[in-house]
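Protein chains in written order, with the numbering used here: chain P, 4 to 109; chain S, 61 to 239.
Incorrect hints may appear among the rest.
Claimed, not checked - Footprint (simulated), chain S over chain P, 3 or more residues, beta carbon under 8 Å:
no. : stretch
1   : 10 to 23
2   : 37 to 44
3   : 70 to 84
4   : 87 to 100
Said to hold, decoys possible - A few chain S residues facing chain P, derived, Cβ under 8 Å:
no. : residue
5   : Val81
6   : Ser103
7   : Leu104
8   : Leu110
9   : Ala116
10  : Val119
11  : Ala138
12  : Met140
13  : Leu141
14  : Ile162
15  : Ala164
16  : Leu168
17  : Ala171
18  : Pro186
19  : Thr190
Rather than coming from a laboratory, the hints here were simulated on the basis of the structure. Computed from a prediction, not measured in an experiment: that's the story for all the values here. Beta carbons are placed, not taken as given, at the ideal position from N, Cα and C, and that holds for glycine.
These are the residues of each chain, in order.
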Amino acid sequence: MHAVIPYLTGALLFGLGVYGVLRRRNAILVLMAVELMLNAVNVIFVTADVTVRGTGAHAGAVFALFVIVLAAAEVGVGLAIVLQYYRVRHAVAVDEVRLDDEKVPQ
Amino acid sequence: MTIANMTVADALLLALGVIAVGSGALVVTSTHLVRAGLYLVVSLGSVAGLYLVLGAELVAWVQVLVYVGAVVVLLLFAVMLTRAPIGPSGDLDRPAWAAAIIGAGVGLGLAALLVGAFHWTLYPLPVPGTAAQMGGEIFGAWVLPFEVLSILLLAALVGAIVLSRPDIGARRNAEADTH
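Same shape as in the complex, but just chain S (with noise of 0.2 Å):
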């Protein structure tokens, strides 16, 4: 167990994962609403450069994709759409100490039943799987998962309209309120 033994794999893994572990500490911890968000931004990536490094690549582009192209520009919306302060705010957060025991037990009893399942062991470095593999596996085997999966994005799409329609929800107020 000793540095001499990493690779460079190891070497990247580990810097992408002090980066992702960096970033995302921010993002719980940053007082600027927008910040948090760029910090976000920085954890996804970096996590995507893991997923490179172990050779899932499908992955790795699905995730700048949808996370850092999708999912993080949804929530910079909301944060401008709920009119956030663009300097630092001091509300943002509760008393720490119950949040910080309960994170910090979970991380780390997370981290400790880890590193006491797989120690110091060397595995082979996987073969970067291409997208032919992984559709093949998504058609083949997970198929039925995949379609299940359609009609749950079409029902949160249509909750999303439903949910952020006013006028829905207003006419069932309207009727409320006349009987």
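Next comes chain P alone, as it looks inside the complex (with noise of 0.2 Å):
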């Protein structure tokens, strides 16, 4: 088995996680390219647990799992704030976003 290759997937994957995040406009297909980057991440893990010795016994497998439940709590908050955002304000797009507006309206 050549490493090289899952290696390589990983690493195209979060390239492509970065673009989709800094690109979309929508905050849920923000959220799926960052989806994408913590799968990148998750196969440069299990990929080292095969490459790298010298760590515990499936180590990255088991780092694997714990991202996979990190990626489950962090999506579980992000759409509970884009929909709450969506409620307030009936729009998605993150560059609409005003950061200084301490106004809440209603």
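Combine the two chains into a complex, taking the hints into account.
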């Protein structure tokens, strides 16, 4: 097995995720791109489990499981924020969020 | 470094990797919100296939259950709840050049780093790890992070409920208005 193939896959997926986070305006699509980045990290963790000796047995796979759990928590809270923002402003475009706006419209 | 010394595992890894990266590219470029979600399913599914080839069985099935099953369904629910249009929408993207430069820089930089580190080295195919082994690891060496993670999940649960309950936020606003 040539480990460079999954490593390359992970690297390219991470690049695509970065591109998506910077390119997309829709907050849900930004979250999808974040999922791509987390998956790239998981691919690299699991591949490192095969290629890197000296760590504990299956340490990479255990870390990948932890990252999956973190991603599930992240997407839950992230979507709650997106839906709440949509309810208040009726928009999901991230570049229209005014960070200095303290007034809460009803 | 020829194509001739590729094994079946290599061919599988290559095919799954191409599918994952290709549908990942469609996720970040598609103009249909729902289609982006469905391409995400394809991408995450082929990543699960990569895990299977790499011998991480449990991670592959957790990936299918949690990512393809739960996270994507949650994302599609959010697409529906924000009344996204079914057809293509033209206002999904910002100007591309900065994102393209940074994304390509990060992706190709990481790729160059990893190719430089691992070259075309042949590694023995791993023995498929069983769920029992992984369970022993998690509840042995990694039990403290596991418990911390359960507290984090509880915090995320409470946070999501507080965020999405309108009455909690509204009461605070009413108090602020009376002051």
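Structure-based check of all given hints:
1. Coverage of a stretch by a chain is defined here by at least three residues with a beta carbon nearer than 8 Å to that chain's beta carbons; for the stretch 10 to 23 of chain P and chain S the count is 14, and the condition holds.
2. Under a criterion of three residues with beta carbons nearer than 8 Å to beta carbons of chain S, the stated coverage of the stretch 37 to 44 of chain P is upheld, 3 such residues being counted.
3. Given as covered by chain S, the stretch 70 to 84 of chain P passes the check, having 13 residues with a CB less than 8 Å from a CB of that chain where 3 are the minimum.
4. Proximity of the stretch 87 to 100 of chain P to chain S, defined as three or more residues with a beta carbon under 8 Å from a beta carbon of that chain, is established by the 6 residues found.
5. Restraint check, valine 81 of chain S versus chain P: the minimum CB separation of about 5 Å is within 8 Å; hint holds.
6. Interface restraint check for serine 103 of chain S: the shortest CB-CB distance to chain P comes to about 7 Å, inside 8 Å, so the restraint holds.
7. Below 8 Å, beta-carbon pairs count as interface contacts, and leucine 104 of chain S has one with chain P at about 6 Å; its hint therefore holds.
8. For leucine 110 of chain S, the interface hint holds, the least distance from its beta-carbon to any beta-carbon of chain P being 6 Å, beneath 8 Å.
9. Checking alanine 116 of chain S against chain P by beta carbon gives a least distance of about 4 Å; that is within 8 Å, so the hint holds.
10. Given the 8 Å rule on beta carbons, the hint for valine 119 of chain S holds: about 5 Å separates it from the nearest Cβ of chain P.
11. The beta carbon of alanine 138 of chain S comes within 5 Å of a beta carbon in chain P, closer than 8 Å, and the hint placing it at the interface holds.
12. Using the Cβ-Cβ criterion of 8 Å, the hint placing methionine 140 of chain S at the interface with chain P is not satisfied: the shortest such distance is roughly 10 Å.
13. Because the beta carbon of leucine 141 of chain S sits about 6 Å from the nearest beta carbon in chain P, less than 8 Å, this interface hint is met.
14. Evaluation of the isoleucine 162 of chain S hint against chain P yields a held restraint, the C-beta minimum of about 6 Å falling below 8 Å.
15. Hint status for alanine 164 of chain S: holds, given a least beta-carbon distance of 6 Å to chain P, under 8 Å.
16. The interface hint given for leucine 168 of chain S is met, as the beta carbon of that residue sits about 7 Å from the closest beta carbon of chain P, less than 8 Å.
17. Here the hint on alanine 171 of chain S is kept, as its CB sits about 4 Å from the closest CB of chain P, short of 8 Å.
18. At a threshold of 8 Å, the smallest CB-CB gap from proline 186 of chain S to chain P is about 5 Å, leaving the interface hint in force.
19. Residue-level restraint check for threonine 190 of chain S is violated (minimum Cβ-Cβ distance to chain P is 10 Å; threshold 8 Å).
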